[in-house]
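Chains as they are written, first to last, in our numbering: chain A, 57 to 254; chain B, 223 to 779.
These are computed hints drawn from the structure, not numbers from a lab.
Be aware that one or more of the hints could be misleading.
[What the hints assert, rightly or not] Simulated restraints on C-beta separations:
hint: 1; chain 1: B; residue 1: Thr540; chain 2: A; residue 2: Leu131; range: 32 to 42 Å
hint: 2; chain 1: A; residue 1: Leu118; chain 2: B; residue 2: Gln293; range: 46 to 56 Å
hint: 3; chain 1: B; residue 1: Glu760; chain 2: A; residue 2: Arg138; range: 52 to 62 Å
hint: 4; chain 1: A; residue 1: Leu118; chain 2: B; residue 2: Val541; range: 35 to 45 Å
hint: 5; chain 1: A; residue 1: Lys177; chain 2: B; residue 2: Pro386; range: 29 to 39 Å
hint: 6; chain 1: A; residue 1: Gly146; chain 2: B; residue 2: Phe550; range: 52 to 62 Å
[As the list claims (entries may be wrong)] Chain B side only, calculated, beta carbon under 8 Å to chain A, not exhaustive:
hint: 7; residue: Val371
hint: 8; residue: Val409
hint: 9; residue: Gly464
hint: 10; residue: Gly521
C-beta: ideal position from N, C-alpha, C; glycine also.
If you want the building blocks of each chain, they are given just below.
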Amino acid sequence: MSSATLARSSNESAWALPSRGRVGMFSLIAAESAVFTIFVVAHIYYIGKSLSGPTPKDLLELPIFSTVCLLSSSLTIHLAVRALRKAKVGVFGLWWFLTMALGAIFLVATGREWQHLIYEKGFTISTNLFGTTYYSLVGLHAFHVTVGLLAIALAMIFTLLGKVKPEHSERLDVFSLYWHFVDVVWVIVFTVVYVIGR
Amino acid sequence: MASDTIALGIADPDARPIGERLHDWVVTVDHKKLGILYILYSLFMLVIGGVEATIMRIQLIVPHNHFVSPQVFNRMFTMHGTTMIFFVAMPILFGFGTYLIPLMIGTRDMAFPRLNAFSFWMTAFGGLLLYFSFIGGNGLYGAGNAPDVGWFAYAPLTSRAFSPGHSTDFWTLALLVSGIGSIGTAVNFITTILCMRCPGMTLGKMPLLAWLNLVTGGLVILAVSPLTAAQIMLSIDRYLGGHFFDTQAGGAAVLWMHFFWIFGHPEVYVLIIPCFAFASEIIPVFSRKPIFGYPVMVGATVAIGFISMSVWAHHMFTVGMSSYGNAFFTATTMVIAVPTGIKIFNWIGTMWGGKIQFRAPMLFCIAFLFQFLIAGLTGIMLGASPFNWQLSNSYFVVAHFHYVIVGGILFTVFGAFYYWFPKMSGRMYNDALAKWHFWLFLIGFHLTFDFMHIPGMLGMPRRIYTYEPGRGWDIWNLIITIGVFFQIAGVLVFVGNLLWSLLKGEPAGNDPWDAWTLEWSTTSPPPDYNFAKIPVVESRRPLWDIKHPEDPDWKYE
C-alpha cells in the first residue's frame, strides 16, 4: 500500500501538466473574446451609419471615474489573491471587499448613465442604429461585470463566514483571470464606444 | 479490499430497479454515459432529419408534385439543415469525443465532469426548443409554426416583418442554447487533453484522435462563439426592436451573412476534423501499420484549423464583394485544399503495403477516402469565384456539401460506430448485416448525390418547391429520390444490427481488433473508473509495446 502511494507520488512529481483551472479559464476567455469581437466589429461597422439622430457626440460623456474604478479593481483583486497565498486571510478580505466595491461603483455608474440616456434623453436600444450597438455592447460588458460581481460576492460571504483558507487561493486566482479579462474588454469598449465612436 | 468493493460496484447496477437505473443516466457525470447519451440523442435526431429529407425528396420526385404544401417544404429544408448540423453531426462527434478522449489519453474522466453533463443537457434542450416550434411556433399570429427561413436564416427574412409569430425565435434560441453547450464541450475537450494525459503521454505521443479533437475544440471556441453573438443580436432585433440587421434603419443584411459564415465555414471543419480522427485511428489498425506521417498529420490539422478561419466569404461570392475580396477568399480556399490533400496522401500511405482487412469500419473509411476526394474537388471548383457565380445556390452546391457531410462525415461516423461499438457495448456487431448496411448505403449515396450534380449544372436552383417538366431535370430527380430509399434501407439495417447486437451479439472481449491505443487495454464496456491503474505510456502505440516487448515502438520514435 505504502509503496504504491510512493510510486504514484513520484510519478506525479515527474509528470507535470498545466492546471485544469487555468486552461479551462483561458479557453472560456478565448470564447468570450470571440463573442465580444463580433459585437465590437458590429459597433465599428455601424459608426456613423444611423439614419436618424441622436449621435454619440450629443449623448456620451467619457466615464473617466468609473473606468478608473474598474481598472484599479484588477490591482486590488491581484493583491487580494497574493495576500491569501501568503495566508493573510484578513488582508485578503479587505482587498477582496475593495474589489467588490470598485466593481459595484462601476455598475452603478453605468446604471446612472443609462438612466440619464433613457429617462432624460429618451434614447433607447430601438431609437437608432447607434442605440442598438451601444446598448448591446456596453450591456454585454455590464452583464459580464455583474456575473463577476456575483462570484466575488459569493466568495466575500464565505470569507465573512471564515470558510476561505489559503488553499483556495488557486481557485480565486483562476477567477481573477476572468476579472482581468472583463477589465481588458472594458478598455476596448471604452476606446471603441467613447473615443473612436464619438 | 479495494477490488472487493469494485466487484460489488459492477454487480450492483443490474440488480436495481429500472427506474433507478434510468435515474442514473439522467444525473450522470460519467463521460462514458454522457458520450452514449450524446450518440443516442444524435441517432434519434438523425432519423427525424432523415424523415424531413425524405419528405423533400418525395415532393421533388416528379414535376408539379403536391405531396406537401410549399410552406411545409420551406419548413422541411430549414429543419432538415438545422437538425443535421446542430443536433446530429455536432452532438454525435462530441459524443464520440466525450466517450473516447479520456479512455485514449488514459484518464478516468473529463477535466470538468459536471460541465460535461451541463453541455449535453444544453444541447438536448436546444433540440427540444427547435422541435417545440411545431407546437408553439404559431404564437398569436396564425403564422407558420416551424422555422422556414433556411438553415442560414439570411436577414431580412428573419425580421419581425417577414417572419411573424415565434418560429424564428425558436430557431435562434435553439442555436443559442446548443451553442453554449458546444462551447462548454470545447472547453472541456481542450482542458482534458492538455491537463489529464497519463504519465509519459507527451503531446507528440498522443493518439491522433486526441490531437484532432484538440484542434476541433479550438475551432468550436472560435467559430461557435460568433454564432452565439449573432444569435444574441438577432434576438435583440426581434424582441427589443434593435436594428442590427434592419436595412430600413441603416443596418446591413450582409453583416449577418458575414457573421453566420464566420461560424459556418469553420463549422465544416469542426465536423470533418473529428472524422479525420476516426479515419486516422481505423485505417492503421485495419492496414496493420502505424499511421504514415504522424507529425505531418498533426501539422496539416493545425494548418487547416488556422486557414479555415479565413475562408468564410467563399459562401458569399454572389453577394457582390470587391474583386479583392473575391480574389482573397478564392486564394484561401485553394490553400486549404493543400493540407487536406496531404492528409489523404497520408491515409493512402498508411494503407500502402499494409495487410488490409476489409472489415466494416475499414470499408466505410475507404469509401470516405474516395468520396471526400470528390467532395474536395467540387469544393475547389466552387471555391473559384467565376465558377461559383454560375453555380451558387444550385443543386450542384447541394450535391457538393452533401458529398462532404454524408460521403465524408456520415460514412466515417458509421465506420467509427462499428469500430467502437464492441468497446461501448461489450458485444460484436453482426458482420453480414454491417456489410449489407455498407453496400446499401453506398449505392443509395451514389445514386442520390452523384446524380444531384447534374440538375445543378442544368440550372436547377436549391430550395425550390417544384419544377416545370421538360427542362431535362426530371430523370435526375427521379434517380436522386430512388437513391434515398436505398439509404433508408441501409439505415434500417444499421438500426436493426445495433439492436440485435446489443441483445444477442457475441461477447467482444477487451481488444477485438488487435488495436494499439489505450481504450482497448480495459474491459468492454470499461468500468466506471476506466483503468484500475493509470497506465504509463512510452510511445504512440502503447498496446503494441505490451504485445511486442521484443520490438517496441519507443525504440524508433
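Comparing the hints with the structure gives:
A hinted range of 32 to 42 Å is violated for the C-beta pair B:Thr540 and A:Leu131, which are about 52 Å apart. Checked against the given bound of 46 to 56 Å, the beta carbons of A:Leu118 and B:Gln293, roughly 52 Å apart, stay inside it. Between B:Glu760 and A:Arg138 the C-beta distance comes to about 40 Å, which lies outside the given range of 52 to 62 Å. Against the hinted window of 35 to 45 Å, the Cβ-Cβ separation of A:Leu118 and B:Val541 comes to about 38 Å, which satisfies the hint.
For A:Lys177 and B:Pro386, the hinted distance range of 29 to 39 Å is satisfied, since their beta carbons lie about 31 Å from each other. A hinted range of 52 to 62 Å holds for the C-beta pair A:Gly146 and B:Phe550, which are about 59 Å apart. Hint on B:Val371 is violated. Least Cβ distance to chain A is approximately 20 Å, over the 8 Å limit. For B:Val409, the interface hint holds, since its Cβ comes within 8 Å of a Cβ in chain A; the closest pair sits about 4 Å apart.
A distance limit of 8 Å between C-beta atoms decides the matter here; for B:Gly464 the minimum to chain A is near 4 Å, and the interface restraint holds. With a least beta-carbon distance of about 21 Å to chain A, the hint placing B:Gly521 at the interface is violated under the 8 Å criterion.
Going down the numbered hints, you'll see the structure goes against 1, 3, 7, 10, while the others check out.
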